Every structure is written in structure tokens, then in C-alpha cells.
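Q: Now for the letters of each chain:
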Amino acid sequence: MPSQTVAIVEFNAFYHAERVPLVRFVMFLGADPDTAEDVAQTAFTRAFPVWHTIRFPQAWLRKVAQNEYFGHCRAAARETSLDAAPSRADQPAGISAALALEQQAHTRQFLAAGIAGLPPKQRQVMAWTWDGFSDAEIAGQLGDSEAAVRKNRSRAMKNLKRLLVDEGRGAE
Amino acid sequence: MSRRWWRISDARITEDEVNRRVAIARADIAAVLAEVLDDDAGLARIYALHGQQAPPSASETAPDEDDNDDESGQVQVVCDRIAMLETTLAQAARPGGPSMEAGLYLAAARRFLFELRSGLAGRSLAAEDAFRLLSTVRHDLQQADSTLDGEQRLPLAGPTLARLGELRELTHELSGQLDVLTEQVMRLFGRSEDPALVPAPGP
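As they're listed, the protein sequences go chains A and B.
Heads up: the first sequence begins at 1 in my numbering, then just goes up one per residue.
Heads up: the second sequence begins at 1001 in my numbering, then just goes up one per residue.
These are calculated hints, taken from the structure and not from any lab test.
Heads up, none of these hints are tricks.
Partner residues aside, some chain A positions facing chain B, computed with beta carbon under 10 Å:
#, residue
1, Glu10
2, His16
3, Phe28
4, Ala36
5, Gln58
6, Thr107
7, Thr129
8, Gly132
Computed from the model, here is a short list of chain B residues facing chain A with C-beta under 7 Å:
#, residue
9, Ala1025
10, Leu1033
11, Ile1046
12, His1050
13, Gly1122
Note that the structure is predicted; figures quoted are calculated from it, not measured.
A virtual CB, placed ideally from N, CA and C, is assigned to each residue, including glycine.
Go ahead and model the full structure; you've got the sequences and the hints to work with.
A: Structure, rendered in C-alpha cells:
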């Protein structure tokens, strides 16, 4: 069926073009690289059977990935209350190992000291903002008002300045 | 005393500096992820989960594997550049800026850049449409610059004039970056120059 063929070609092209930005988006929500890769993969997997019905795939995937990631965080929090969190050293070497080796020190610091220090809502707003979405689009996706988006962005920027100053001070 | 020292330290990092670090981090992460992620394996997992067989990958069917990798990488680089411009424009066009009218033009430019990025990422944009969007963005930047130029001639307070000047400088910087972006998009479509890319006439 030609339309199905077109959809498959489109999906594949979209996957190739958007996978890296989506993994990065989830990292900017606060995920480690391995979790971000898993979450992004889950979002694409969910998109596949309904691909022809998705009108704005970039926003759709980000929203699904965001929900998936916060669901993952809630599950992890429940598990941690029962068992000790696994040590990073015990985990297989995945993309986080490659990232740790190859990422520039300033990027690792930025993620660890800056992004990780923001409250979840501010992280969400900044992740969407940095991916080029407008206030109205972000408000629609997060279920907030545009004013709340602006307020969270303003607070996030202020916090980032402070966190990065702290990080610089710690490095001195 | 510590409070005063805090304020001085806090002033050391500006919003521009934060944005610069974000841009570096984004580019850095994208470069590493592009190296380590295996898209064909990821696609194969999706197809397998839905009981289907993945179609042959581009690298398997194309005559030159390097060409495809290059093309995909080039699209990613261009999309990253557009996203950076969008982020800068989002900051420049936020409400409460020194010029509402210029802000509207900058916001419009950002919307067209978003459209361009979405089209390029989804490979759903014809060359003519891409160049039309670039021309429109250029036109919006010119309009913003022209508006700011006019407002700078008004008898406004010093701080307002200074903010207008900063915004105008940023608009010039964005125009320069748009030139680089235009060249990159031309290369994506295999063109060295395009007659459709005619800068919009000034006001």
C-alpha cells in the first residue's frame, strides 16, 4: 500500500533525524544518558503504530518521553525505598560510559551542577525552550498557563546563574 | 559581608553566558550521541516489537554509505544551528523587551525557523519551501532592525536606548548567522546558489 510505504519511509527518516535530539531532550529533563536512550526508544516505539495519526511528531514524542521519564523516576523512587540504588560501577558500560569519556568537562559540569540542580518543572520548561518551542506550545504540552511557563523560565535562568556560579566557585 | 560577595559573584554570570554554555552542552551531547547511537539497531528493535521486519537501512541500500552518513550528519548540524537561533530569538522576543514591534518580528522569525527545522528534520520540505522560509526569516530580521533603528531616534531614556541598541546588535548578529545557515541549507539541497533566495526588499 503506497501510503503505508510513505509512512514507513517518513518514520525511518524522522527516527534518524530526531533520535539524537530526543535523547538529549530527556537528558536535559535530568536523565542519565542510558535512561534517556531507553526513554526515547520507548517513545518512538509507541509512535510507530500510530505514526499516521500524529500531526506534530516533535511535540508528541517529547510529551510521551517526558511522561515516560517521570514515570520511570516514580518507579525508581519506589524501588529505592525498598532496595539500595545500584552502583553505577555495577552497571554495564553503555552510552553513559562513552559519554563520560568523550563529553567535554564543561558539559558534564553543566549537566551535573546546572540542570540537575533545577526543580523538575523548571527543567521541563527549559528543555522545551531549548528545543525551540514557544511559550504557548510549552504551556499546551505541560498543561500550564503561558504566564507559568514564563515564570518558571525566569526562575530557572536565575537558578542556573546561581548554580553555575557555585560550580565555578567549587572548582576554584 | 558574605551576602555582598554573593551578589558580586552572582553578577559574574550573565544570561548570555548561560545561553552560551547551553549551546555548547547541546552541541557537545549531540556530537557524542551521534557517534555512539546505532539508529539501524534501534529501528530494528521497534519493527521487531511490532512483529515486522525492518526495511533495509539506508546504509545497506545506498551506493555510498559515507554519503548517507554525511547527509544525516549535515541535517543534524543544520537543525542544531536552527535550534540555537530559535533559542536566541526566543530570548530576544520575550515580552517586556525594549520594543514590542521588533519583538513581534523576531517572534515571527523564530516561528519560521521552527517550521524550517521541523521540515528538514522530517525530510518533508522541498528546496523552494526551505529557501522561502529563509527569505521570510531574513525579511523579519530586516523589519526588526528597521523598527529598532527608528525607535533609537526617538527621545527615549538612556537605559531604554541602550537596550534597543543591544537588541539591534543581536539582530545584526542573527542576520550574520542566518547567512551561514543559508549556505548550509543550500549545501543540503546540493545548490551553490539559488535564484529563489532573494533578500526581501527593505521597508
